[in-house]
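A.B. asks: Listed here are the chains, written in short residue letters.
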Amino acid sequence: MDIKSLQDRFQEKVDAEIKIEPRDWMPDDYRKTLIRQISQHAHSEIVGMLPEGNWITRAPSLRRKLGLLAKVQDEAGHGLYLYSACETLGVERDDLFQQLNSGKAKYSSIFNYPTVTWADIGTVGWLVDGAAIMNQVPLCRCSYGPYARAMVRVCKEESFHQRQGFEILLTLSKGTEDQKAMLQDAVNRWWWPALMMFGPNDADSPHTARSMNWKIKRFTNDELRQKFVDVCVAQAEILNVTLPDPDLKFNEETGHYDFGAIDWDEFWAVVKGNGPCNKQRLVARNKAHDEGAWVREAAIAFAEKKKQREMAVAS
Amino acid sequence: MKNNWPLWEVFIRSRQGLNHKHVGSLHAADADMAIENARDVYTRRSEGVSIWVVPSEQITASNPDQKDELFDPAEDKVYRHPTFYDLPDGITHM
Numbered sequence: 000m001d002i003k004s005l006q007d008r009f010q011e012k013v014d015a016e017i018k019i020e021p022r023d024w025m026p027d028d029y030r031k032t033l034i035r036q037i038s039q040h041a042h043s044e045i046v047g048m049l050p051e052g053n054w055i056t057r058a059p060s061l062r063r064k065l066g067l068l069a070k071v072q073d074e075a076g077h078g079l080y081l082y083s084a085c086e087t088l089g090v091e092r093d094d095l096f097q098q099l100n101s102g103k104a105k106y107s108s109i110f111n112y113p114t115v116t117w118a119d120i121g122t123v124g125w126l127v128d129g130a131a132i133m134n135q136v137p138l139c140r141c142s143y144g145p146y147a148r149a150m151v152r153v154c155k156e157e158s159f160h161q162r163q164g165f166e167i168l169l170t171l172s173k174g175t176e177d178q179k180a181m182l183q184d185a186v187n188r189w190w191w192p193a194l195m196m197f198g199p200n201d202a203d204s205p206h207t208a209r210s211m212n213w214k215i216k217r218f219t220n221d222e223l224r225q226k227f228v229d230v231c232v233a234q235a236e237i238l239n240v241t242l243p244d245p246d247l248k249f250n251e252e253t254g255h256y257d258f259g260a261i262d263w264d265e266f267w268a269v270v271k272g273n274g275p276c277n278k279q280r281l282v283a284r285n286k287a288h289d290e291g292a293w294v295r296e297a298a299i300a301f302a303e304k305k306k307q308r309e310m311a312v313a314s
Numbered sequence: 000m001k002n003n004w005p006l007w008e009v010f011i012r013s014r015q016g017l018n019h020k021h022v023g024s025l026h027a028a029d030a031d032m033a034i035e036n037a038r039d040v041y042t043r044r045s046e047g048v049s050i051w052v053v054p055s056e057q058i059t060a061s062n063p064d065q066k067d068e069l070f071d072p073a074e075d076k077v078y079r080h081p082t083f084y085d086l087p088d089g090i091t092h093m
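Chains as they are written, first to last, in numbering that gives the first Met the number 0: chain G, 0 to 314; chain B, 0 to 93.
Some hints could be false.
Stated by the list, open to error - Pairwise CB distance ranges (calculated):
| # | chain 1 | residue 1 | chain 2 | residue 2 | range |
| --- | --- | --- | --- | --- | --- |
| 1 | G | VAL282 | B | GLN15 | 31 to 41 Å |
| 2 | G | GLU252 | B | ASP75 | 54 to 64 Å |
| 3 | B | HIS21 | G | LYS305 | 46 to 56 Å |
| 4 | B | ASP64 | G | PRO59 | 55 to 65 Å |
| 5 | G | PRO245 | B | ASP64 | 58 to 68 Å |
| 6 | G | TRP263 | B | SER55 | 53 to 63 Å |
| 7 | G | GLU303 | B | ASP75 | 44 to 54 Å |
| 8 | G | THR56 | B | ASP64 | 52 to 62 Å |
| 9 | G | GLU303 | B | HIS21 | 25 to 35 Å |
| 10 | G | LYS248 | B | GLN15 | 30 to 40 Å |
The hints are simulated quantities; they were obtained by calculation from the structure and are not laboratory data.
Don't be surprised by glycine CBs; every beta carbon is placed ideally from N, CA and C.
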């Protein structure tokens, strides 16, 4: 079959909402786009453990520590589901790690911001996981089967993350003046980076149309960002915090909240490696990987020895 | 250094009485470690009562290009279904 007919047949399946599975024919660019997107997503889960792991030993109570530990463990799990989905496209896990550790691969820029107070952990749960959920729920309907199935798992687990974050903030919001100030300070610092998580404005996002045509993406960056802003306003009121945007106001005509311009210079600076923690994150990743090398090698050696022993017994 | 542990496919029985179902894959040095890792990766919230792990390279899959020759022959065999057979009105227990 010629390439044009294969492409047509592929697009007909996608249009008919028939999932594409690993061994099905797919255009090279579809495969490449998915490998890039799924691996970046996996890397984000893995790097995402770092800013939160930072607070596990300092969580203010056992209840908080249990929640945070379970959440960080989930992030590791989510990374593994996603790497596994990515490998169905014909890439190897070691190559993906190599791309992350060398700094060649990108991950969500949000994790290049520091978690300086306990309120940051709550805010990460509320805003960062909230934005992630907004992005991830439509991915459960992605045209590529293994990615969609991984996302169903991720989304089921993610809602606990957001709620544990919100509960932390709710507690602070009913606390002392210092605690309330700490809460407001964290929201001030995380609000804009959270809005940047949805990516560039639609006009500056050249691949959006193609990804939507392939049903990898279901909504544009700006559509998802708007949904996120709309739901956050009421939640901020419950927490008694101000969202740091003087232009934020309800628009009777559109039925949505208008909001101020995003500082895209900051966004691109962080993407290009100049955020507050980019270097620190990569150093931590590489350290964990390098220091774990002997474990990986020992496990292989042990498995090999066991196999030899079993063969000796059998013969 | 490249040192990929082999890839394993993971199947979980979610509760007694149901089939094991494919849930994903993971890397592990051997079968025992694959079971332990599958426990941590795929059953953190009581999703399973039993785990199978199979080396991915041991799985033989049908080729999607052969879908028609494999599965089309079943499509025109409507007489394999109960609704193909005409019965009089009023008949019960059948």
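A.B. asks: Decide, hint by hint, whether the structure agrees.
C.D. replies: Here is how each hint holds up against the structure:
{"no.": "1", "hint": "G/VAL282 to B/GLN15: 31 to 41 Å", "result": "violated, 48 Å"}
{"no.": "2", "hint": "G/GLU252 to B/ASP75: 54 to 64 Å", "result": "holds, 57 Å"}
{"no.": "3", "hint": "B/HIS21 to G/LYS305: 46 to 56 Å", "result": "violated, 26 Å"}
{"no.": "4", "hint": "B/ASP64 to G/PRO59: 55 to 65 Å", "result": "holds, 59 Å"}
{"no.": "5", "hint": "G/PRO245 to B/ASP64: 58 to 68 Å", "result": "holds, 60 Å"}
{"no.": "6", "hint": "G/TRP263 to B/SER55: 53 to 63 Å", "result": "violated, 43 Å"}
{"no.": "7", "hint": "G/GLU303 to B/ASP75: 44 to 54 Å", "result": "holds, 53 Å"}
{"no.": "8", "hint": "G/THR56 to B/ASP64: 52 to 62 Å", "result": "holds, 55 Å"}
{"no.": "9", "hint": "G/GLU303 to B/HIS21: 25 to 35 Å", "result": "holds, 28 Å"}
{"no.": "10", "hint": "G/LYS248 to B/GLN15: 30 to 40 Å", "result": "violated, 56 Å"}
The structure fails hints 1, 3, 6 and 10 (numbered hints given earlier, in ascending order).
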